[in-house]
Every structure is written in structure tokens, then in C-alpha cells.
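Trainee: Sequence:
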Amino acid sequence: MDLPRMEHVSIVVRDLGAAIEFLEELGFESQGRASVEGDWVGRIIGLEGVHSDIAMMDTPDGKGRVELVEFHSPEAIEGNAGASANALGLRHLAIEVDDLKETLERLKPHGAELIGQIENYQDTYLLCYVRGPEGAIFELIESIG
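Going by my numbering, the residue at position 24 of the sequence shown is 24; the numbering climbs one at a time, nothing skipped.
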């Protein structure tokens, strides 16, 4: 089987606008918003009466994409948003940044919470985990070596 590329990762959010702002602070570029509704989407995701708004957010190099989804119907339900880094399932998105500490300061007004601490890994990378929209974990990586 041939896998040309990974298309996107999806994050369900309560506030689409706030989530867009958070990802824009990380350097993602909005490719626009759209309403998604109808029987066709319900058949794909296994829900009835779907009405949602989405935003596609691309990395600056155009090779990565995050889909943000705000459900209006049926309403979003609580998941494992506060799960720790060792919980089963999709756990974090790793993002390379130019200046980790500066990025972290820019994200704080958007609700970002540092999970542990900033760590220097073998004088090669500065690393940290940050909790973002709906508890999604982002690993920030700055190359220093």
C-alpha cells in the first residue's frame, strides 16, 4: 500500500475563532472557514443532523494541516481533554518553532498552559509541552544545536 501523505489532524473545539487565533500564534495559516452539514457528512462520521463549522489551518511550509471543527448539531461532548501525556490515544502535535520562549509568551494570552517545564535536550533542542484549545497538547520544539 502506498501512503502519499497524511492529509490532516482534526481537533473539535467549542470556540472556533479562539482556536484559530491560537494556531495562528503558532504560525499556522488559515485556509478559510466553511460550514459542513447534511446527510453525507453524517454518513461518514456516524452522527445524525450534523451542522458544523470548520477551519483548515496549514503549516507555513504547506506540508501539515490541522482541521478545527466546531459542532453546532449535535453538540460536542466532553472527551479526554484533560488527559495526561501518558493517556492512551492521540496525545500531542509536535510543532517546530523559531523561539520557544517567545512563542510560549505569545500563546499564554490565548489560554496556553505549560504542562511541565522547558527542557534542554542534549544541547540540540529546547522542548516543552503546552496545553491548548480543548486540552490538546502541543509539543514546542526549538532547534538549538
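Think of the hints as simulated: they come from the structure by calculation, not from any bench.
One thing to keep in mind: the hints can contain errors.
As the list claims (entries may be wrong) - Pairwise CB distance ranges, derived in the manner of DEER restraints:
| no. | residue 1 | residue 2 | range |
| --- | --- | --- | --- |
| 1 | Val41 | Gly145 | 44 to 50 Å |
| 2 | Gly82 | Gly17 | 43 to 49 Å |
| 3 | Pro109 | Glu139 | 36 to 42 Å |
| 4 | Glu96 | Gly42 | 35 to 41 Å |
| 5 | Lys101 | Glu75 | 36 to 42 Å |
| 6 | Leu114 | Ala87 | 14 to 20 Å |
| 7 | Leu3 | His110 | 30 to 36 Å |
| 8 | Pro4 | Ser73 | 21 to 27 Å |
| 9 | Ser143 | Ala76 | 25 to 31 Å |
| 10 | Glu48 | Glu21 | 30 to 36 Å |
| 11 | Pro4 | Gln117 | 24 to 30 Å |
| 12 | Pro60 | Ala87 | 18 to 24 Å |
| 13 | Glu113 | Ile44 | 43 to 49 Å |
The model shown is predicted, which means the values in this text are computed figures rather than measured ones.
Even glycine gets a Cβ: it sits at the ideal position worked out from N, Cα and C.
Trainee: Next, verify each hint and record whether it holds.
Mentor: Against the structure, the hints:
1. Val41 to Gly145: 44 to 50 Å: For Val41 and Gly145 the Cβ distance comes to about 46 Å; the hint holds.
2. Gly82 to Gly17: 43 to 49 Å: violated (22 Å)
3. Pro109 to Glu139: 36 to 42 Å: violated (20 Å)
4. Glu96 to Gly42: 35 to 41 Å: holds (37 Å)
5. Lys101 to Glu75: 36 to 42 Å: 37 Å Cβ-Cβ, so the 36 to 42 Å window holds.
6. Leu114 to Ala87: 14 to 20 Å: holds (18 Å)
7. Leu3 to His110: 30 to 36 Å: holds (33 Å)
8. Pro4 to Ser73: 21 to 27 Å: Because 33 Å falls outside the window, the suggested range is violated.
9. Ser143 to Ala76: 25 to 31 Å: Given about 36 Å between the Cβ atoms, the range is violated.
10. Glu48 to Glu21: 30 to 36 Å: Check passed, 31 Å falls within 30 to 36 Å.
11. Pro4 to Gln117: 24 to 30 Å: The hint (24 to 30 Å, Cβ to Cβ) is violated, given that Pro4 and Gln117 are roughly 38 Å apart.
12. Pro60 to Ala87: 18 to 24 Å: violated (30 Å)
13. Glu113 to Ile44: 43 to 49 Å: violated (33 Å)
Violated hints for the displayed structure, listed by number in ascending order: 2, 3, 8, 9, 11, 12 and 13.
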